[in-house]
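Based on the sequences and whatever the hints tell you, model everything.
Residue numbers (the numbering used here), protein chains in the order written: chain A, 1256 to 1570; chain B, 1256 to 1570; chain C, 1256 to 1570; chain D, 1256 to 1570.
Check the hints yourself; a few may be wrong.
Copies of the same chain look alike in the list, so a pair counts if it works inside one copy or between any two.
Calculated lysine-lysine pairs in the DSS-like style (CA-CA distance at most 27 Å, straight line) [to be verified]: (1) Lys1335 <-> Lys1507; (2) Lys1286 <-> Lys1451; (3) Lys1568 <-> Lys1260; (4) Lys1530 <-> Lys1275; (5) Lys1507 <-> Lys1275.
Read the hints as simulated data drawn from the structure, not as lab findings.
If you want the building blocks of each chain, they are given just below.
Protein chains: 4
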Amino acid sequence: MKLTKDQINDIKEQQAQNNKTKRVTAPELEKILYEALPALDHGFIRVVDYMGDDSSIVQSARVSYGKGTKKVSTDSGLIKYLMRHWHSTPFEMCEIKYHVKLPIFIARQWIRHRTANVNEYSARYSILDKEFYLPNKENLAAQSIANRQGRGEVIEGEQAKKVLELLKSDAERTYHNYETMLNQRYDGTTIDENKKGLARELARMNLTLNTYTQWYWKTDLLNLMNFLRLRADHHAQYEIRVYADIMLDTLKRWVPITYDAFMDYRVGGTEVSAKGKIVIQKLLNGEDVNLTDSGLSKREWNELMEAFQIKDKIV
Amino acid sequence: MKLTKDQINDIKEQQAQNNKTKRVTAPELEKILYEALPALDHGFIRVVDYMGDDSSIVQSARVSYGKGTKKVSTDSGLIKYLMRHWHSTPFEMCEIKYHVKLPIFIARQWIRHRTANVNEYSARYSILDKEFYLPNKENLAAQSIANRQGRGEVIEGEQAKKVLELLKSDAERTYHNYETMLNQRYDGTTIDENKKGLARELARMNLTLNTYTQWYWKTDLLNLMNFLRLRADHHAQYEIRVYADIMLDTLKRWVPITYDAFMDYRVGGTEVSAKGKIVIQKLLNGEDVNLTDSGLSKREWNELMEAFQIKDKIV
Amino acid sequence: MKLTKDQINDIKEQQAQNNKTKRVTAPELEKILYEALPALDHGFIRVVDYMGDDSSIVQSARVSYGKGTKKVSTDSGLIKYLMRHWHSTPFEMCEIKYHVKLPIFIARQWIRHRTANVNEYSARYSILDKEFYLPNKENLAAQSIANRQGRGEVIEGEQAKKVLELLKSDAERTYHNYETMLNQRYDGTTIDENKKGLARELARMNLTLNTYTQWYWKTDLLNLMNFLRLRADHHAQYEIRVYADIMLDTLKRWVPITYDAFMDYRVGGTEVSAKGKIVIQKLLNGEDVNLTDSGLSKREWNELMEAFQIKDKIV
Amino acid sequence: MKLTKDQINDIKEQQAQNNKTKRVTAPELEKILYEALPALDHGFIRVVDYMGDDSSIVQSARVSYGKGTKKVSTDSGLIKYLMRHWHSTPFEMCEIKYHVKLPIFIARQWIRHRTANVNEYSARYSILDKEFYLPNKENLAAQSIANRQGRGEVIEGEQAKKVLELLKSDAERTYHNYETMLNQRYDGTTIDENKKGLARELARMNLTLNTYTQWYWKTDLLNLMNFLRLRADHHAQYEIRVYADIMLDTLKRWVPITYDAFMDYRVGGTEVSAKGKIVIQKLLNGEDVNLTDSGLSKREWNELMEAFQIKDKIV
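Right, dumping it as structure tokens:
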């Protein structure tokens, strides 16, 4: 990630603010406010604003007149209770806003989460930066054979080199031709004074999906956790997980009590179906259970055995 | 509106906060933060948190790295442009949270605006306050004859007195019986130590719709304006308009540039249909136009003539 | 539940429709289309329209050109997979619309589910029916002592009789006074030709919360299941569960494969936290575990033991 | 647009359905159900399901027991009234589902409308079709000089030829290299049996933004009109307008009364700000008005004069 001098100054200017407020603040989050936290090769995440803290959840759950915080232990108990019983509205009372730079193919995945507010940098209006995502060697995975939408082993040697060359040269060529069509270079200078440029809203179609875009993305705490639950999961595509992991850290700085409950009940927890419950009950009773009688599919059976570390039952 | 000593202290404690933040602040809004602004006879509105200011709209519309504010005049021009062309997403980047006390029949109207976050005081869990809305004499209107969902002339004299007595005595009696069923008084004391009380989730059904409830209500700036456009309008029921008018004032303190654009383009503006446009065009050309030829209904015609103050054409 | 002659005829007329369509249909649901299924003492649920069936979920998950149904067994496998892995969007592709008559205090609970479309009968515009909910004797529960928002034992004898009398007489008196204020009876006749009536939008505030209202309520299959998961649960208030149970039956008629998966993975399933998983793992390994070392609260511990029927560990 | 034999058969099979239903139907829409209506060079729109018709709007606005249709003229009056006064919920009671094939850069614009349900063809899971959008010559516009996000004159001659060549060759080369990386051709055949293919979720990043994707897109009537109002507007990008225009035709077939009201009040109508109203009032009164005194910006002034065809006042 490389920022221009102007961008660095803009960020410094924001960080130099020292405003007074009667609102609650999240001191650990304030420490990294506006900072561009690097993600992938050219991307970043910046927290640019937030509203509320752990006490706000308690306050609105109680519809109280005051700050809502009586004692940390009481608040923690209530937040855990709300999380465990899937209460949603108190967690909607906190809000966070990010500025994110990310490859377009990841932006397309990200935006499927509709309960958020988005302003994306407009390629109808402006020229996109000359930056493309190229995976690190260790992330250059082959198609998984077991899972139609997952990754398998890492691709190595000549084939890996070839893939990276293709990605790089195609992104560079299509960007170069984007400039040609626009009759304008990425720095804004005109190429040929005697020519008109193609409309930006058309020229952009020549760019590859690893081109970086950026947006402001704002969501409430509940929907942030829904996003992170799916996107910080090991089933998520690596490239979006990189962003989700950084956001998990901002969650911890912002609402540490909620973060703990989230890790315990959502991220680290597991769900057991009605049929799965019977299997576990029988195992606890020392009864014999097998895949065939369980009514589970092989995949479900193995997921259950793995969740409870019953290694010898995996088939 | 009457607050208990504890409530007053809770509010004072919140207002005494003096936190430092790198976030943008809205100084005029900070001045009234947490204050209980009276509404109707026992209700109130309190701003309990907010995120962003006018510059946040500009910042996200530009997806900029910095504060977004270049010059007030430039920002104002952009905000007016965004408002005029119905750009929605930049206005979603600011958020506000209210604590509201209001009669249940108004709460039922209010909650039809779904794009907001709500935590209501739970009458399954707690006993509701002994407070009911009773209209002022000047708001005791008869049913409108012209408009099936509007108000007509004020009811006066004996009939008015009777109505107010009925409202008061019914609310008091049903509340008293609510206490009897709960076997508990509004202050929490038990009525008969030898009896069980009816479940709160059942007893509440005996209350009348003018009983006050309260909630935390949080929304973004776009949806706040959508709410105010409908609820501060003269077609809205008086009792919700009282709240909307107070909120309009908080809007002005929070985002003064946006407030101006909102008043000009939304609240003070009008819409003209395709057929209506032709009528106005003809009038501007000095042509004769009449209701019959216009293709408008009588109601539409009159609404159009009123919007443009063409008094002599009203039929 | 009692319908007027006109209402019965309206329903019959709808049911007599025999239209041809190229759309998919749900034959079991068609059988009860438009029928008023009774709920509580005066309420009902009617399915008035729907879109899609089980095959529509498969079709959109595959983004296929055709009907999506290859074989029932394949479809069933895919639907189970989608449900297990919390895929949401394919279930949003089916839609259902209900006409519901329900007490206002239940309507207020119901409407907290915001991801639905609602048109409620307007008491600003019309006079509400003279119908109030009165619980059956077996549902007249005392406040739970263990759970602040639950029910305990049934109230019986004199106290029960008293409660029912109060509910009945208060509802009747407030309705009677509602008519007096409106200067109009529930059947539309005027009371005193020489008087104006109070505006309907005001008079309604005198009604008690057990008065029946009605609405059209439309939602997609995903959000219907979210609603039913919470509202058909034994923690839900009895009065809303009555409606949820009827809707569960309509779900089964509409999308039987999805219904089965829903019952297995959502309704009958359980969630286990990270800490809870360790407890179960230890028990499966024959290790000794107790509440103190588990890091669980007493309540969590007991919920876990109950979920897996480990009765002797309940503390 | 070219469909495979299998796709054509799938569509025919759907169209051959002849189901009976008690639901309301929209006969004109049934005529084109499932048909692939061509859009751009390789795209299409297919209506694959719908719920409700004009009478459903009336029915839910009235919360009626019956079909809601009394007389067409009454229904039409009510629908016009609802549209004029921005009533939203009755229009949410109808639903439509499309299958759309469209270039990725248009899909990215489209998906900004969040109040819809979407299932997109997954390039993590499958290989995308070898189809790219190439503009017709008459749509190869230069960047507008007046409007930073619009189009100006058409580009012609050698430059046009060059642009089209670049778009074509870049799309073909990047697609070819996509196949190389996948070690698989677009028809599913393996290229080199001795090699693994790159994970599909990675290889897709090499594709250009004019590659076609497809999705199921479902929305309610209100949100469809919000979409069409913005996307069938002449300010919208040509490539999305092509789709919006086709959808306007499906709207007409589906709910003809609503379509008429929509064209009159939304598409053909105009909005006038508070300041603009004063200008028109003065003009109607024969008073002199000019830009400077009006308080309008030059752009606003001209938009107003154009809306009412006051050609000689345009500055």
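Going through the hints against the structure:
1. In this homomeric assembly, Lys1335 and Lys1507 come within 27 Å of each other (Cα to Cα) only inside a single copy, at 15 Å, whereas the closest approach across copies is 34 Å.
2. Neither within a single protomer nor between protomers do Lys1286 and Lys1451 lie at most 27 Å apart by alpha-carbon distance, with minima of 47 Å and 46 Å respectively.
3. Taking the closest pair of Cα atoms, Lys1568 and Lys1260 never come within 27 Å of each other, the shortest separation being 59 Å inside a single copy and 47 Å across copies.
4. In this homomeric assembly, Lys1530 and Lys1275 never come within 27 Å of each other (Cα to Cα): the closest approach is 56 Å inside a single copy and 37 Å across copies.
5. For the homomeric pair Lys1507 and Lys1275, the shortest alpha-carbon distances inside one copy (24 Å) and between copies (20 Å) are both at most 27 Å.
Checked against the numbered hints above, the structure breaks hints 2, 3 and 4 and satisfies the rest.
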